[in-house]
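A.B. asks: Residue numbers (this note's numbering), protein chains in the order written: chain A, 157 to 501; chain B, 1016 to 1345; chain C, 97 to 381.
Honestly, the hints are just simulated from the structure, not real lab data. Misleading hints may appear alongside valid ones.
To be verified - As a list, the in silico DMTMM-like pairs of lysine to aspartate or glutamate whose alpha-carbon atoms are at most 25 Å apart:
(1) K1293(B) / E262(A)
(2) K1286(B) / E421(A)
(3) K1293(B) / E364(A)
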Amino acid sequence: MSTSPKLLDVQHVTVEFHIGGLLGGALLTAVNDVSFSLESDKPEIFTLAGESGSGKTTLSRLLLRDLEPTRGKVLFEGRDVSTIRKRSEFIEFIKKVQPVFQNPFETFSPLRRVEEYLFDTAKNLGIASKRREAAKVVDDALRNVGLSLDEVRQRYPHELSGGQIQRVSVARALISRPKLILADEPVSMVDASLRMEIVNLFKKLRDEQQVSVIYITHDLATAYYISDRIAIMLRGYIVESGPVEDVLERPAHPYTQLLKESVPEPAPIKRESWAQHIELGTTEVKEYGRIGCKFAGRCPKVMEICREADPPDVQVGRQTVKCYLYSEHAKVTDAEAEPRSRVSQ
Amino acid sequence: MTLLSVQNLHAYYKTEAYGISRTVRAVDGVSFDLFPNEIYGVAGESSCGKTTLIKVISGSIRPPLKAIEGSVNYDFGDYQADMLKISQDELRKNIRWKRISYVMQGSMSVLNPVRKVIKTFQDIVDTHERITDKKEFLEKTRAHINRLGLPTDVLNAYPHQLSGGMRQRVAIALATVFQPALIIADEPTTALDVVVQRGVLHMIKDIQARSKNTVLLVTHDMAVHANVADRVMIMYAGRIVEEAPTENIFNTPLHPYTQHLINSLPMIGEKSTKVSLKGSPPNLADPPAGCRFHPRCPYVMDECRTVVPELVTVKERHRVACHLVKEASL
Amino acid sequence: MLRVLRDLLRYDGRFRLAVVLLSGVVIMILLSFNSPYDPSKTFEVPWDLPPSWEHPFGTTSRGQDLFWWLTFAVRNSLYLGIVTAIISRVISVLVGLTAGYRGGWIDRTLMAISDSFVVLPLLPILILLSFLLRESMNLLNLAIILGLFGWSFDARLIRSQVLSLRERSFTRTAVYSGTSVFWITMREHLPFVLPIVFATTLNNVLWSIGMEVTLSVLGLSDLTTPTLGTALFWANQHGALVAGVWWWITAPAVITAILFLGLYLLFTSINEFIDPRTRLRLIGG
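Please model the complete structure; the sequences and the hints are all you need to start from.
C.D. replies: So, in structure tokens, the structure goes:
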């Protein structure tokens, strides 16, 4: 019995940019040999977490076909997305993959009524042909996110709150019953009191409608709340990935540890660990250009070998970590004699 | 000694175009005090009025913004100022940068993109104290930068050569050159990554601890307040709903909105379901009657719909504007 | 539509003034269709008569009633301005939208063509063309030529606007809603481009009228067609100022001023009304 192709298979993808001017034509590797996949039969919420300059935005543009990889492939349901050239093929693709953008007030033109985008989607993606049919489809999609057509009828974006617009944005994405939603920082610009309704919505989509979500964020708290798996990105590399409880409760990579420690908790008693001072780098560019592990400049556990070559991916428990600390090398240089555990590379 | 006393401030935006006139009641009856040597946090979401409040207390009152009622009075010890009556000239000469300075989200507005950082320092210092000895000025600036933990080579860089976090820290260095009595930080770390945010907030705390001045920190992020502020004030729809020392706000929040703000935040390690408030922040041109939070309040009573709750002191330094609390303490 | 006009009339003083001024112009244009005098005929009335009840603007040295002659002049000048504006707007919008959205070689080619037109010295070329086409340099041909020269500047302006609109999130939303390139341009981008188009239209109208005046004063256009420019030519030709026939210069000059001012006020007030930023304030953002 053949297994169905993976929903999304990102294979050793690298994206390089040439930047000129100030830096005299240097090569910026925004995404470096990244691989991950999502299964078709198991809807999940997969988080790509990282700070600015980590490559997560470039990766999301790649997945939406705004960019082509310099190396590697992105396969959606078995098909290389860069081979999609005809308009009809593109329409088929976007029926199954839809985005949700970060800034609710930019997602829709301020001069158009928001419902028109939903009607457009219904008509263009072949879900409904006549206006009345489309109205039903649009209303259903809106009800799915806790709104209704009557509530948003005739409204312009600035007449709705950020939370409402994001919900409309998700509703629009759901019209074609996609298999995958790419949400790029969907709640970072939404008020705190309205944030959870969007976040809970993604949970509901996964649980009740078998929609997988790639959730791109720098907010580890919401990532912990809804994800199944998480991948931490730093300067184009995935430095740690695995089930979210493992990665965020027992972070293995020093960078993940730093990230976790730096998230301020909304409770004054836990202040002490956050209050420890840290070093901040001056420019991101210096870190990009570094040979070896990109975190070596700030890592409290840095070793000689970290500055020589890219660290290997090592399996530690249920998570994969790109760090010399866990590799054979670290074990060999360890002065103490301890039973060597099998680690796969 | 009270550094700043705001009494019953009402500040509205009045606009008129093509026969449609709108009054946005951005700050509608706000009273609070600021004391020296504290970090005072102002929390609230978009359209709660905090940006307008800052504009008024820093003297940037320009049409269509108008202060309709109330008073805003500073006491700097050697100098007093009434913000609602002060002249632009006076503001420029004696207040801005010297006694009150500003750190904003995104340092773009303060760092001149076409001049090196050191030049921006020079511009600002020069407007207030003519630089007679250039070498002395450079020495002092370098010392100031180093004391704040920044490398001296940032002075020779252009803003775009620095990362966002570094720019923000330079903006803070600029804001503290004259050691002002009040630093207003308006969402200083909102656009920054969590690690950089930590560094910037540490810097603000260090500065405050060393110079013992007052920092007014405005952000919607309650977690930031929890780790930085001494007292926190929560604003909703142009009014103060609660104000208390940080521990009290987080351990015993009294107002339903505050409770929601704190409880709705997910934390790593907790997977319990978090619920969102229904509805959305009100339109300040047409706010709800009575308590402005009543359409979204899970504990709403009849009184809430018609009577505006007063901001009363229920415990030591803990004020709340809620009918529920009044009832309980009776 | 009527509500828009009503709002503008009620609340914008400039619009009211524009309507008053332009009504006068429009009335003159309408009267031209009922003119008792044929503008191509000369010496129909006694010449050099000052303004009077019978001849409100006096008569010219060529024996024509100036008032009725000018009704034709205004009509023709405005006709020229409008036709030029339409031709150049249409071209500039098409070129700007296409170059901006498509990019690549289409963009480069169109901009190269546009830039060539920008640097061509217009007046010498017009003078040359009018020598070559002396007989057939009528008003329509002049309008076409001016239209073909008047689109290039604005095309680049529109292209820049589209370049920035292309990067905005709502363009991507439209792409993911399955909208075709054509409809994205029409529904998402054009509303932002229109205020620019509108603002520069006035410029264009006034520029073309001015161009015509320049050509006519130099005697290079079809001098039998009454226009504001030819009025000045003939007045000059007969030494009107020297001969004391001041009304022959004053009347066309004043009418031109009223026309320009009226159009300016009209366009400024309408433009502010349709500008997205004002619209947003209106809607209540």
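A.B. asks: Are the hints correct? Go through all of them and say.
C.D. replies: Hint check results:
no.: 1; hint: K1293(B) / E262(A); in the structure: 23 Å, holds
no.: 2; hint: K1286(B) / E421(A); in the structure: 15 Å, holds
no.: 3; hint: K1293(B) / E364(A); in the structure: 22 Å, holds
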